Amino acid sequence: MRQMEKTMELDELKSAWQLLDRRLEQHAAINLHILKESQLDRLRSRLRPLAWGQIVQIAAGLFMALWAAAFWSQHRDVAHLLIAGLIVHAAGLSMILLGAVVLVSISRIDYSAPVLAIQRQLAQLRVIYVRGGFVVGMSWSILWIPFVALIFQSAFGIDLYANAPSVAYIGVAVGIALMFGVWLLHRWSARHPELQRTLDDAAAGASLVRARRILDEIARFEQS
Amino acid sequence: MTRVHNRTIQMGQQALLMDAADRNTQFRELLERHRGIVFKVANAYCRDPHDRADLAQEIATQLWRAFPRYDGERTFSTWMYRVALNVALSFRRSGGRHEQLLVPFDAQLHDVAANGTDESDERVRALYRCIDALDPLNRALLLLYLEERSYREIADILGLSETNVATKIGRLKERLRNDMSGA
Numbered sequence: 001m002r003q004m005e006k007t008m009e010l011d012e013l014k015s016a017w018q019l020l021d022r023r024l025e026q027h028a029a030i031n032l033h034i035l036k037e038s039q040l041d042r043l044r045s046r047l048r049p050l051a052w053g054q055i056v057q058i059a060a061g062l063f064m065a066l067w068a069a070a071f072w073s074q075h076r077d078v079a080h081l082l083i084a085g086l087i088v089h090a091a092g093l094s095m096i097l098l099g100a101v102v103l104v105s106i107s108r109i110d111y112s113a114p115v116l117a118i119q120r121q122l123a124q125l126r127v128i129y130v131r132g133g134f135v136v137g138m139s140w141s142i143l144w145i146p147f148v149a150l151i152f153q154s155a156f157g158i159d160l161y162a163n164a165p166s167v168a169y170i171g172v173a174v175g176i177a178l179m180f181g182v183w184l185l186h187r188w189s190a191r192h193p194e195l196q197r198t199l200d201d202a203a204a205g206a207s208l209v210r211a212r213r214i215l216d217e218i219a220r221f222e223q224s
Numbered sequence: 001m002t003r004v005h006n007r008t009i010q011m012g013q014q015a016l017l018m019d020a021a022d023r024n025t026q027f028r029e030l031l032e033r034h035r036g037i038v039f040k041v042a043n044a045y046c047r048d049p050h051d052r053a054d055l056a057q058e059i060a061t062q063l064w065r066a067f068p069r070y071d072g073e074r075t076f077s078t079w080m081y082r083v084a085l086n087v088a089l090s091f092r093r094s095g096g097r098h099e100q101l102l103v104p105f106d107a108q109l110h111d112v113a114a115n116g117t118d119e120s121d122e123r124v125r126a127l128y129r130c131i132d133a134l135d136p137l138n139r140a141l142l143l144l145y146l147e148e149r150s151y152r153e154i155a156d157i158l159g160l161s162e163t164n165v166a167t168k169i170g171r172l173k174e175r176l177r178n179d180m181s182g183a
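So the protein lines, in turn, are chains H and X.
My numbering numbers the first residue of the first sequence as 1 and each following residue consecutively.
My numbering numbers the first residue of the second sequence as 1 and each following residue consecutively.
No wet-lab data here; the hints were simulated from the structure.
Being a predicted model, the structure only gives us computed values, none of them experimental.
By construction, the Cβ of each residue, glycine as well, lies at the ideal position given by its N, Cα and C atoms.
One should not assume that every hint holds.
[Said to hold, decoys possible] Capping the alpha-carbon separation at 27 angstroms, the derived lysine-lysine pairs in BS3-like fashion look like this:
#1 X:K173 <-> X:K40
#2 H:K14 <-> X:K173
#3 X:K40 <-> H:K14
[Said to hold, decoys possible] Stretch-level coverage of chain X by chain H, calculated; a stretch enters the list once three of its residues show a Cβ under 8 angstroms from a Cβ in chain H:
#4 37-50
#5 57-71
#6 77-83
#7 128-136
#8 154-162
#9 167-177
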C-alpha cells in the first residue's frame with residue numbers, strides 16, 4: 001500500500017478522482033432528497049443557530065422593554081424607580097438593536113459570493129457577535145441592580161432602594177470597580193497581543209478561538 | 001373598477017405562480033445536470049456517510065435559496081461551486097453530527113471504496129489521504145484542480161487572482177509530491 005502511495009503521482013491522483021467520480025455517480029448512499037421533495041420552499045437549513053439566538057435575544061429585549069416601560073410610566077413620581085425603569089428599558093432596547101444588527105448581517109450573507117470573502121465575513125461576524133456578547137455580559141455587573149429593584153417592586157411591592165439603599169450603593173460600587181478593572185486590564189493587555197488573546201479567549205470561550213483560527217487560516221492561505 | 005382591479009391582482013398572482021413553477025423546474029434541471037458537484041464537494045469534506053448526506057442536503061438547500069439571485073449570464077457550475085464550497089466550509093466548521101466520533105479510517109471509506117478492485121480501492125484511499133491531509137481551503141483548491149477547472153474559474157470561485165491561483169497550485173503540487181514521496 002505504501003509502495004502505491006509513493007509511486008502515486010499527480011496524474012494518478014487525477015485518475016483516482018475520476019474513478020471516484022464514476023463510483024459516486026453509481027453509488028446510492030448520498031441522495032439528494034431535494035430531487036424527490038415537491039415542496040422546495042419547505043427545506044430547512046442547519047446553518048442558522050446564530051440567527052435563532054438573535055431571535056431569542058430580540059424577544060427577551062422586547063419583553064424587558066415593554067415591562068420596563070409599563071413600570072416607569074406607573075412610577076414617574078418616584079425618581080429612583082423612574083431611573084431604574086428607564087435603565088432596564090434602555091437595556092431592553094439595546095438587546096433588540098444588537099440582535100437586529102446581527103440578524104440583518106446574517107441575512108445579507110450571500111453564499112454565492114467568492115469563497116474567501118464569505119468565509120472571512122462569517123468569521124468576522126462571529127468575532128463581533130462574541131465581543132458584543134462580552135460587552136452586554138459586562139454591563140449586567142451593574143444592570144442587575146435596577147433589574148432586581150423592578151422585580152421587587154413589581155412582584156412584592158417592596159421598594160428595594162428605600163428599604164436597603166446600601167444594596168444599591170455597594171452593588172453599583174462593586175460593579176463599577178469590576179468594569180473599570182476589566183477595562184484597565186484590557187488596555188494594558190493591548191500592548192501585549194499574546195496576553196490580550198489569552199484574556200479574550202478566556203472571556204469569550206471557544207467561539208472566538210474558532211473564529212480567530214478561521215481568520216488566521218484564511219490569511220495564511222492568501223499569503224502562502 | 002373593483003372588478004378590473006381584482007382581475008389584475010388575480011393575473012398578477014397567476015404570473016407569479018407560473019414564474020415560481022418555471023423557476024422550480026429550471027432549478028431541478030440544472031441541479032440534476034450538475035449534481036456531481038454536490039456529491040464531490042460533500043465527499044471531499046465529510047467522511048461519515050450520514051454527515052455527507054446532511055451536507056449534500058444542506059448544499060441543495062442553500063442552492064435553492066440562492067437561486068433567485070443567480071445571474072443567468074454567468075456559468076452555472078462556477079456559481080454552484082461557490083455555494084457548495086461556502087456551505088461545506090461552514091458545515092465543517094459548525095461540526096457535523098458524527099464527525100466527532102472517531103470511526104476507523106478504512107471503515108469510513110468502506111462505503112465508497114468497497115465496490116472496486118483492490119488496486120483501484122487503494123488508489124481511492126490514497127486520494128482520500130491526500131485530501132484529508134489538507135486544510136479546508138487548500139482542499140477546495142485541490143478539488144477544483146482535480147476537476148480540471150481553468151485557473152480563471154478557480155480564481156473566480158475562490159476570490160483570488162489568476163496569478164495567485166497558479167502559484168498556489170504549483171505549491172500544492174509540490175507539497176503533494178513531497179507528501180507522497182515521504183509516505
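Going through the hints against the structure:
no.	hint	in the structure
1	X:K173 <-> X:K40	20 angstroms, holds
2	H:K14 <-> X:K173	12 angstroms, holds
3	X:K40 <-> H:K14	13 angstroms, holds
4	37-50	holds (count 6)
5	57-71	holds (count 10)
6	77-83	holds (count 3)
7	128-136	holds (count 4)
8	154-162	holds (count 5)
9	167-177	holds (count 5)
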